[in-house]
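Student: Listed below are the residues making up each chain.
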Amino acid sequence: MTNEELKTQLSIIHTSLTFEEGGEWINAVVPATEWKALALHLRRHGSFLFDYLFCLTCVDWKSHLTMVYHLTSTTARHSLVVKAKLDRNRPEIPTVADIWRTAEFHEREVFELFGVNFTGHPDLRLLILPDGWEGRFPMRKDYDDPINMIKL
Amino acid sequence: MYRETEILQEPDPALEGAGDMVINVGPQHPSTHGVLHLVITLNGETIKKVEPHLGYIHRSIEKMCESLSFRQFIYSTSRMDYLSSHINNHGCCLCVEKGLQVEIPARAQTIRVLMDELTRIASHVLWWGAMAMDVGALTPFFHAFREREMINDIMEETCGARLTMNYMVPGGVMFDLHPNFIRRVKEFIVHFRSKLPEYDELVTNNIIFQNRTRGVGRISREDAISFGCTGPTARGSGISCDIRKIYPYELYQKLQFEEIIEHGTDCYSRYMVRIKELHQSLSIIEQLIDNIPEGEFQAKTKAVLKLPKGEFYSRVETARGEFGVYIVSEGGTTPYRIKFRSPGFSNLSALDHMCRGQKIGDMIAIMGSLDLVIPDIDR
Chain X
7 MTNEELKTQL
17 SIIHTSLTFE
27 EGGEWINAVV
37 PATEWKALAL
47 HLRRHGSFLF
57 DYLFCLTCVD
67 WKSHLTMVYH
77 LTSTTARHSL
87 VVKAKLDRNR
97 PEIPTVADIW
107 RTAEFHEREV
117 FELFGVNFTG
127 HPDLRLLILP
137 DGWEGRFPMR
147 KDYDDPINMI
157 KL
Chain U
219 MYRETEILQE
229 PDPALEGAGD
239 MVINVGPQHP
249 STHGVLHLVI
259 TLNGETIKKV
269 EPHLGYIHRS
279 IEKMCESLSF
289 RQFIYSTSRM
299 DYLSSHINNH
309 GCCLCVEKGL
319 QVEIPARAQT
329 IRVLMDELTR
339 IASHVLWWGA
349 MAMDVGALTP
359 FFHAFREREM
369 INDIMEETCG
379 ARLTMNYMVP
389 GGVMFDLHPN
399 FIRRVKEFIV
409 HFRSKLPEYD
419 ELVTNNIIFQ
429 NRTRGVGRIS
439 REDAISFGCT
449 GPTARGSGIS
459 CDIRKIYPYE
469 LYQKLQFEEI
479 IEHGTDCYSR
489 YMVRIKELHQ
499 SLSIIEQLID
509 NIPEGEFQAK
519 TKAVLKLPKG
529 EFYSRVETAR
539 GEFGVYIVSE
549 GGTTPYRIKF
559 RSPGFSNLSA
569 LDHMCRGQKI
579 GDMIAIMGSL
589 DLVIPDIDR
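So the protein lines, in turn, are chains X and U. Just so you know, we're using our numbering here: the first sequence kicks off at 7 and counts up by one. Just so you know, we're using our numbering here: the second sequence kicks off at 219 and counts up by one.
There could be a bad hint or two in this list.
[To be verified] Using 27 Å as the maximum straight-line C-alpha spacing, the simulated DSS-like pairs for lysine-lysine come out as follows:
#1 K524(U) - K316(U)
#2 K147(X) - K577(U)
#3 K472(U) - K518(U)
#4 K281(U) - K147(X)
#5 K266(U) - K13(X)
#6 K281(U) - K89(X)
#7 K68(X) - K527(U)
#8 K267(U) - K577(U)
#9 K89(X) - K524(U)
#10 K577(U) - K266(U)
Treat the hints as calculated values from the structure; they're not laboratory data.
Sequences and hints are given; from them, build the entire structure.
Tutor: Have a look at this one:
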């Protein structure tokens with residue numbers, strides 16, 4: 007499907023989606039609570055079949071956090087970017103580790119670096135950071151470490 | 219993070235997990251090729267679970283890049299996957315160029331592709347030696363280093379470095395080719411062509427090697443996609459995922475080469491993909507080496523680069539798989555946020571799935587066939 011077709015199809019099935027301009031792909035913004043239902047639909051529905059989650063990350067916008075999911079279909083070769091705004095003080099979004107297994111590691115990484123709580127994640131523990139790091143999120147913009155700040 | 223090895227002496231069926239043994243492999247273990255720490259749960263010799271512990275060389279490159287300019291941050295990516303540093307730099311340059319919308323001169327494009335393929339050969343050759351060493355054959359490692367040295371010498375002459383080349387810049391490459399480059403690459407092609415049958419004799423057709431790798435570490439097509447496997451790991455499971463073919467960048471559209479896909483889904487298939495890719499890379503170099511166009515090696519760009527506000531994503535095929543760069547720009551001279559989608563990170567996440575039910579000795583072969591580079595995983 008082309009980007010335009012994707013956009014029309016998506017706006018039919020999910021009325022709460024909004025679209026952002028920019029980039030080479032369609033940027034769909036979804037409320038965090040509805041992400042799981044949309045993800046299941048995107049993975050299973052015959053006209054989408056997004057089976058490959060190739061990038062999962064988070065961006066700290068100082069006022070809020072944005073989860074960014076890059077999806078593509080290995081059969082139909084179309085791609086889509088889904089974004090979800092999260093509250094910075096209590097970031098919470100349902101996990102998609104049961105839909106795309108690669109999300110398990112990527113979500114653990116985002117969990118420790120940004121402090122996003124993925125509800126329903128099978129194994130939400132620190133992955134890269136050492137034990138006892140909980141409560142400080144190094145990739146957030148306001149993170150400050152008086153001893154060893156990573157800055158060049 | 220480090221866990222004591224606990225051995226339950228007397229198995230008690232009333233206890234959950236009785237009879238299981240937890241073993242730490244690494245962080246300093248020769249077969250992990252770096253500081254990777256695996257906590258393995260065993261039942262006898264059969265693996266029940268593999269749990270990777272990462273972060274021993276986490277340098278937070280993504281955070282570092284937020285305070286580096288669009289010219290500077292490219293060099294930190296050489297330190298991620300140090301065996302395909304050219305290709306990592308290439309991916310970053312493509313992303314910056316996408317934002318700047320500059321045309322790359324034909325000469326620079328050719329040089330870039332040549333360097334990419336030489337890097338791919340160097341990386342695959344080193345992997346070939348290391349994989350054979352993992353399953354118990356030491357000699358191939360020295361054969362591999364003989365060829366790798368030749369490529370490193372070629373790189374040293376043109377780029378001035380042997381490992382972290384930092385040769386690509388937004389708009390082209392940093393210097394023109396060394397006058398000896400074409401002659402030495404041609405010498406290398408002749409030499410390597412004569413040695414490739416030796417590779418097959420030594421390892422590929424070796425019955426011990428085949429017994430160690432055939433039917434070991436299976437991952438089905440669907441699982442490999444779900445785990446986000448890319449590169450030879452995924453192509454060994456029958457997935458067409460070569461970025462050079464699906465989303466061609468630079469010259470790859472005009473070149474004659476095949477995407478290697480094997481359907482065995484085991485370690486041997488992944489091995490065969492890489493061995494056949496050596497031939498393909500060699501043929502790409504042969505097509506280009508006599509046809510390097512004259513002209514500029516670098517497009518004119520401003521001294522201080524500013525990317526327009528927006529998001530940019532580009533991907534390239536490294537020796538290990540799909541390397542993606544995601545830049546969020548606010549219109550300034552430094553990126554607001556950078557994410558590197560490294561192939562090793564996703565490939566490693568499938569390790570647990572591949573190892574379950576296998577013997578502990580097979581785990582070493584499986585890890586070898588994944589071609590893990592730890593700095594690429596930790597970033």
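Student: Take the hints in turn and mark each one as holding or not.
Tutor: Now the hints, each set against the structure:
1. Between K524(U) and K316(U) the CA atoms are separated by roughly 12 Å; this keeps the pair inside 27 Å, and the hint holds.
2. Under the criterion of a C-alpha separation no larger than 27 Å, the hint pairing K147(X) with K577(U) is inconsistent with the structure, at around 45 Å.
3. As the CA atoms of K472(U) and K518(U) are separated by approximately 25 Å, the hinted pair is consistent with the 27 Å bound.
4. Straight-line distance between C-alpha atoms of K281(U) and K147(X) comes to about 9 Å, which keeps the hinted pair within the 27 Å bound.
5. Annotation: proposed proximity of K266(U) to K13(X) is violated, straight-line Cα distance about 44 Å (limit 27 Å).
6. Straight-line distance between C-alpha atoms of K281(U) and K89(X) comes to about 21 Å, which keeps the hinted pair within the 27 Å bound.
7. Simply put, K68(X) and K527(U) have alpha-carbon atoms about 17 Å apart, close enough for the 27 Å limit, and the pair holds.
8. Restraint check: the Cα-Cα separation between K267(U) and K577(U) comes to about 11 Å, which is no more than 27 Å; the hinted pair holds.
9. A distance of roughly 25 Å separates the Cα atoms of K89(X) and K524(U); the hinted pair therefore holds under the 27 Å criterion.
10. Of the supplied pair hints, the one linking K577(U) and K266(U) holds, its CA atoms being roughly 10 Å apart against a limit of 27 Å.
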